[in-house]
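Top to bottom, those sequences are chains U and F. 38 is the number that this note's numbering gives to position 2 of the first sequence; each next residue is one higher, with no gaps. 61 is the number that this note's numbering gives to position 42 of the second sequence; each next residue is one higher, with no gaps.
Treat the hints as calculated values from the structure; they're not laboratory data. Fair warning: there could be bad hints in the mix.
Derived, one-sided and incomplete: chain F residues facing chain U with beta-carbon distance under 8 Å [to be verified]:
id : residue
1  : Asp73
2  : Thr400
3  : Pro422
4  : Leu423
Ranges of calculated distance between the beta carbons of each label pair, as one might list FRET restraints [as the list claims (entries may be wrong)]:
id : chain 1 : residue 1 : chain 2 : residue 2 : range
5  : F       : Leu361    : U       : Trp292    : 43 to 53 Å
6  : F       : Ala135    : U       : Ala209    : 43 to 53 Å
7  : U       : Gln201    : F       : Ala88     : 52 to 62 Å
8  : F       : Lys126    : U       : Gln201    : 32 to 42 Å
9  : U       : Leu378    : F       : Ala135    : 25 to 35 Å
10 : F       : Gly75     : U       : Ala170    : 50 to 60 Å
11 : F       : Ala135    : U       : Arg184    : 47 to 57 Å
12 : F       : Gly75     : U       : Phe380    : 15 to 25 Å
All C-beta atoms in this analysis are idealised placements derived from N, C-alpha and C, irrespective of residue type, glycine included.
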Amino acid sequence: MNDRRPPLKGAPRQGSQKAEPPPRQPGVIDPALVAPREPSRPDPRLAAEAEASTAAFETTQQARDAGSSAPVAATSADEVAAPPPERPSRWGRVVWLFVITAAAFLLYDTGRALVDIWSGDWIGGAALTALVVAFATALISATMIELRAIRRLGEVGRFRAALAQSLQHDSAARLRRTLQPMLSMVGARRPELVKAFGQRTQGLTENDAIMKQFRSAVLAPLDQEARRVVRANSLAVMGATAVAPHPALDVAIVLWRSTVMVRRIAEVYGLRPSGMATLVLTKQVVVSAAIAVAADPTGDIVANTLGGGLAEKISARFAEGSISGIRAMRLGARAIETCRPLPFEPDERKGMWHTLTQG
Amino acid sequence: MKTLQDLLARRIYLGVTGLSRAGKTVFVTSLLHNLLRADPTAEESPLRGFDPFDEGRLVGAMLRHDANATVPEFPYRRAVDALTGESPQWPEPTRGISRIRVDIRFKRAEGLGANAAAQFGMTDATLQLEIVDYPGEWLVDLPMLGQDFEAWSAAMVAQATRGSRAELARDWLAFVSARAPGADHDEEWAEQAAALYTDYLRACSEARLRYLQPGRFLHPADLKGASVLRFCPLPNLGTKAPPGSLHTAFRAKFQDYQTKVVRAFFRKHFAGLDRQIVLVDTLTALNDGQEAFDDMSEALANILESFRHGKNSLLGWLMGRRISRVLFAATKADHVIRGDRLHLENLTRRMLHVLDEKNAIKTAADIDVSSLAAVRATRDTRRSDNGREILLGRRPGDTEDTPLEPGAIPLDFPPDWAALNYRYWDFQPRPDPGWRHGGFPTLRMPEIMNFLIGEDLR
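The following block holds chain U by itself, in its conformation from the complex (with noise of 0.2 Å):
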């Protein structure tokens, strides 16, 4: 939108004309030269090709993203992350020649067991290498998914990157492989609205308008219904600190639905995580969430001091129920922030406090 054209006006326009014999007027184009129209849907025909292209785009971004670590870290950690060591550890080293030794002792243990009771005895042998073998491949497999749902993690990141990158050029068609792969991701758990996008869009060619329809037909619905289960997790945070009999059980309680809360929130924008990526989703949540209250001391205080004060008065175990619900909205807020795949604009915020408090 905002590239300059090139300075060609003028008699430069002429250039296109060849030496025809009946001479175009200037800025009058040969229809020989119309480039065909792209198809604002894909059409199934091309459906396959488009599909290659944002594989192959995807491997592209793969590509240039291996290297770095998770998504939103690469916003939040990199605030926090201090400065990578001059020289690598050597205690580092020796941990990991450990853990590799241990893991062939292991395996040649297990071998040379197996090949001992496979000479004497051939069945229990066989039954005992199978089970070995189904082991080893629910491992691997099992880690396989780990893998892959922390790598979806990142999703989020090189999404927002593509989008920067795609908006810049002024394509509809490109701007639409961009979003597919987010558009693919949310499509698993809610298939309408994928289909209302793709109704919606229908003949846009303009990227702001494309980007409109996808706030308000696929995020926003997604915001609203990450913000319910916001909401009912701090209020089951501020009930059952509430009545907690010890507050050693208060922090189990938070720990144990601040987790649920951020696995139900990225599996709302389709993150999908596994055990492990909570872990790694909370952790950039509580990361994020602690910049954020480093950088606006007051806010914590304001609740404090107003939540608590006031609930106070009423009575003293309602009151930490109180402080620990507004941080399980605020750590909530922060997880829609982090698993959003756009960041959110003005006035999309201003719902959320209506969301977060009347559901």
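For this one, chain U is given, so just place chain F on it according to the hints.
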């Protein structure tokens, strides 16, 4: 029942104005047609991006023919027929003022008020949108209110001798110079002088000059043949006006014009408006060259005067502060390539900022500038050899879509006239059978509707 609904409904008066050929008729037609043909089940809709429509809250719209029985109604049907006929054409321009009302039925958005209304079973609501279409030339008359006849005459005569106007004004000036202002008044002579002056204004208007006073001479509407229009500026006015002379008679007519025409218009029509869109044909002015462009700027500066909010406004006592939102739209945005539409908007914005000496536009939150194509006559495409953007459209006389590369939009105001010659094509509407039932394709119309009436459809 209808009366009850009228009482409950919210009514918004939307003023549509612009100098002639700016695209008022097309804008109103497109706005009405797209609202009337809005269909959420349609695959593609030109209203996509209009918030109430996107949220599925727009139920439907109806034309109301009973609302303004005594005022000329906007010829909606005729305009749609012209645009969607066998050989589509731009509709006949409207002369003078016309009104039309459309009732927009919508579901309320979530919110406190809607929740309260839903308790009583009122989930639907109606917005009565009354569109008032009037010539921008009438707004150019506004500065006349602050002048007396002598000062105004001197200004007009000075203007008539400048630039290309001198040629056009020769007949009229020769005629009025022949008789001294102190001579006895003669109604027949006055009529001749006024006719010659009108001819001069009309010739200027054809030469694409825009700063023409009094505006009623060009668009008399219901004042055709009225005696109040029988005057014109007089050269060589003395300080004293003997009783019974031309000078006295013309001054009386001028004062009549001020109170009975200009003030009456502002009081009757302009003062009641809630929203206002001013269509600005920046492209054609660029096309017509420097003199026309400067003249249009001057006319716009006068129009701006009408929307000046604040107490010092000449008309503050008259119109109060009713108009809450003003949009300046640079029309015919489909006549330039995609990348230039932002530049068109920026050029217009910059022009208004320069003209607006008190910085009212820059600081006001409720005045916006946008580019606009109410009926999109071209399609965007690219050249296959160098990838540059071009337009596919039909110029007058073309029988099929022609690929064209229009001129670029200058990036600054005032444009560098020496460096570039700006050339834009005129386009005719395409014959598209879908337009009659599906609505007109537009550029930025949904955003404009959001700005003007989106808030009222909640």
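How the hints compare with the structure:
1. Asp73: Holds: closest Cβ of chain U sits about 6 Å from F/Asp73, inside 8 Å.
2. Thr400: holds (6 Å)
3. Pro422: holds (4 Å)
4. Leu423: Interface hint status for F/Leu423: holds (6 Å vs cutoff 8 Å).
5. F/Leu361 <-> U/Trp292: 43 to 53 Å: Once the Cβ atoms are compared, 52 Å apart, the range 43 to 53 Å for U/Trp292 and F/Leu361 holds.
6. F/Ala135 <-> U/Ala209: 43 to 53 Å: holds (46 Å)
7. U/Gln201 <-> F/Ala88: 52 to 62 Å: holds (59 Å)
8. F/Lys126 <-> U/Gln201: 32 to 42 Å: Holds: the Cβ-Cβ distance is about 39 Å, inside 32 to 42 Å.
9. U/Leu378 <-> F/Ala135: 25 to 35 Å: holds (34 Å)
10. F/Gly75 <-> U/Ala170: 50 to 60 Å: holds (53 Å)
11. F/Ala135 <-> U/Arg184: 47 to 57 Å: holds (50 Å)
12. F/Gly75 <-> U/Phe380: 15 to 25 Å: Since F/Gly75 and U/Phe380 have Cβ atoms about 23 Å apart, the given range 15 to 25 Å holds.
Hint check: no violations occur; every hint is consistent with the structure.
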